[in-house]
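Chemist: Sequence:
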Amino acid sequence: MEALKKNPAWKGRRGPVVLVIMDGVGYGKYKEGDAVADSKMYHLNDIKSKSPNTKLKAHGKAVGLPSDDDMGNSEVGHNAMGCGRVFNQGAALVSNSIHTGAMFEGTAWKEVVANVKNGKPAAGREPTLHFLGLFSDGNVHSHLDHLKAMIVQAKKEGVKRVRVHVLFDGRDVGETSALEYVDPFEAFLKDLNKDGFDAKIGSGGGRMWITMDRYGADWEMVHRGWQTHVFGKARQFATTREAVETYRKEIPDIIDQDLKEFVIAENGKPIGTIEDGDSLIYFNFRGDRALEITAAFEEDNFTKFDRGQRPKICYSGMMEYDGDLHVPKRYLVSPPSIDCTMGEYLAASGVRTLAISETQKYGHVTYFFNGNRTGKFDEKLEDYVEIKSDVLPFEQRPWMKCAEITDHVMAAVTSGKYDFIRLNYPNGDMVGHTGVYQAVVCSMEAMDLQLGRLLKVIDEAGAVMVITADHGNSDDMFEHDKKTGNVSLKADGTPKAKTSHSLNPVPCIVYDPECKGEYQREPKDGSLNEGLGISSIAATCMHLLGFIPPSDYDKSVLKM
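When we follow the working numbering, the leftmost residue of the sequence shown carries the number 1, and every step to the right adds one.
Hint data in this document are derived by calculation from the structure and do not stem from the laboratory. Any given hint could be a false lead.
[Said to hold, decoys possible] Derived BS3-like pairs: lysine-lysine, alpha-carbon spacing no greater than 27 Å straight-line:
no.	residue 1	residue 2
1	K249	K304
2	K376	K417
3	K249	K260
4	K190	K200
5	K260	K148
[Claimed, not checked] Listed next, with one range per pair, are the computed distances between beta-carbon atoms:
no.	residue 1	residue 2	range
6	Q309	D183	43 to 51 Å
7	D492	K40	24 to 32 Å
8	N301	P393	42 to 50 Å
9	A403	D378	27 to 35 Å
10	E298	E522	47 to 55 Å
11	K148	T239	13 to 21 Å
12	E220	E242	20 to 28 Å
13	I251	N45	38 to 46 Å
Here a beta-carbon is modelled for each residue, glycine too, at the ideal position from N, C-alpha and C.
All chains should be built: construct the whole structure from the sequences, respecting the hints.
Modeler: In structure tokens:
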């Protein structure tokens, strides 16, 4: 990797460039439900009023997703910001692989199918092909169309028995939409269940209660999932609908992501246990919430919880979830090949860097920002800091760890040790996903207080602060009718909470108190004129560091 060329016209700054990523904070389309606009963001508004600022696209094709109907997410958002270009991402890669048939011609697919086709009946039933993953069409972690296509293909290739382990969403789709997916899917399976083919849902639960933990925040979630999916140790129900309806009745106001674990049983026996000789495909394409359950199935020296007798199965992920560690060992679709990232260029150019967030987003400002790469580019030049997240529902601690992150960053700015600092405030996204409006407002105002603290040291150090986001969320907290724009109401007349990301643009604010005239004070407008996306952040930061961005990077928002 060659070093970046210095910009001879750049006159330098006393302090570092600080990239502040306000996770899940966009510009709302609707007044009602825009918790960002509804919050007292005194410091953010003050910074914006005296700084060049614009709006950037953070969804759809601007971050490598199949269409502009697809909401952005933290993984593709940090990829785009850190890589300076747009790469086709998981959903698009998987859809294309299925469409072309490449998935089914690959070694991984052939191995998982052959394992059950050629296996001998055990435990009184045929070897089983299991599918485990997020059960929705949110297209952020998974898509039901991918699952359906694989089940159809499995039957075509002679697989006799399939069990599906469903993780309810309520986060990237409607918060209580589970049955809108269950009923059509059950009908889909019923149509397939002929000619000796047997496909059923075997177990399930909410994504934030079982299985889908990330960054080691709460391994007990994974343990509950393991007990449920593998051993069938959970409350038994005759149907999936019965499980959902029962929990909703017993736990008022519970939303899908928090639904308790369950198994489907016949004659008192779970129908979906995972046994020796079976195969399992974890059909999520996104890596962060796939690594822990993958470790439970694959690692020989696993210590996070007692797995009991681990079944001897053929395991495959949808994609390679960690390209450096090569996890999982077997996967159906290769992830995008991302090279020449901002982090790699800065390391080659001798830039001293700090990346920091709390546990929930630590991997985003490191692994995803670096193009899905584990580890540092240069141990001497880079420091990574993780502030441990609380293991509590986010609505109970909506301020999260924004103060602790700010404490560390303030010290880093004044230390003179770093040239570039990137941080992520998770509040807008993690609290936004809870659907609790009051908590989201609290989270926004807590973060704003920290921006005010950070602003003081930026001024004192003569630093530059770039404020942006990876996607929207807190800006769109109510469901709206797509035709009329009116707020959708629940039976009691209150607004129906929206827990998924938004399609809204996000801010890009360049606070440069010691600007020396190297660029025009009004940047290119990403939302109105030139259609810029958050991939422009990389070139923008490089400009502010005094470098000329690579020619293949998406252009900076600054008019140099």
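Chemist: Hint says 20 to 28 Å; check whether the CB-CB distance for E220 and E242 agrees.
Modeler: Holds, at about 26 Å.
Chemist: Does 42 to 50 Å hold as the CB distance between N301 and P393, or does it fail?
Modeler: violated, 32 Å
Chemist: For a C-alpha distance cap of 27 Å, please report whether K376 and K417 respect it.
Modeler: holds, 17 Å
Chemist: Just tell me: holds or violated, for the beta carbon distance of K148 and T239 against 13 to 21 Å?
Modeler: holds, 19 Å
Chemist: Given a hint of 24 to 32 Å, does the C-beta separation of D492 and K40 actually sit inside it?
Modeler: holds, 28 Å
Chemist: Does the structure keep K249 and K260 at a Cα separation of 27 Å or less?
Modeler: holds, 12 Å
Chemist: Would you mind confirming whether the straight-line C-alpha gap from K249 to K304 stays at or under 27 Å?
Modeler: Violated. K249 to K304 sits at ~33 Å, over the 27 Å cutoff.
Chemist: If I claimed the Cβ atoms of I251 and N45 lie 38 to 46 Å apart, would that claim hold in this structure?
Modeler: holds, 39 Å
Chemist: Between K190 and K200, is the straight-line Cα distance small enough, at 27 Å or below?
Modeler: holds, 9 Å
Chemist: Using the beta carbons of Q309 and D183, state whether their distance is inside 43 to 51 Å or not.
Modeler: violated, 35 Å
Chemist: State, for the Cβ atoms of E298 and E522, whether the hinted interval 47 to 55 Å holds or is violated.
Modeler: For E522 against E298, whose Cβ atoms are near 52 Å apart, the range 47 to 55 Å holds.
Chemist: Could you grab the alpha-carbon distance between K260 and K148 and see if it respects the 27 Å cut-off?
Modeler: holds, 24 Å
Figure legend: structure checked against the earlier numbered hints; hints not met, in rising order: 1, 6 and 8.
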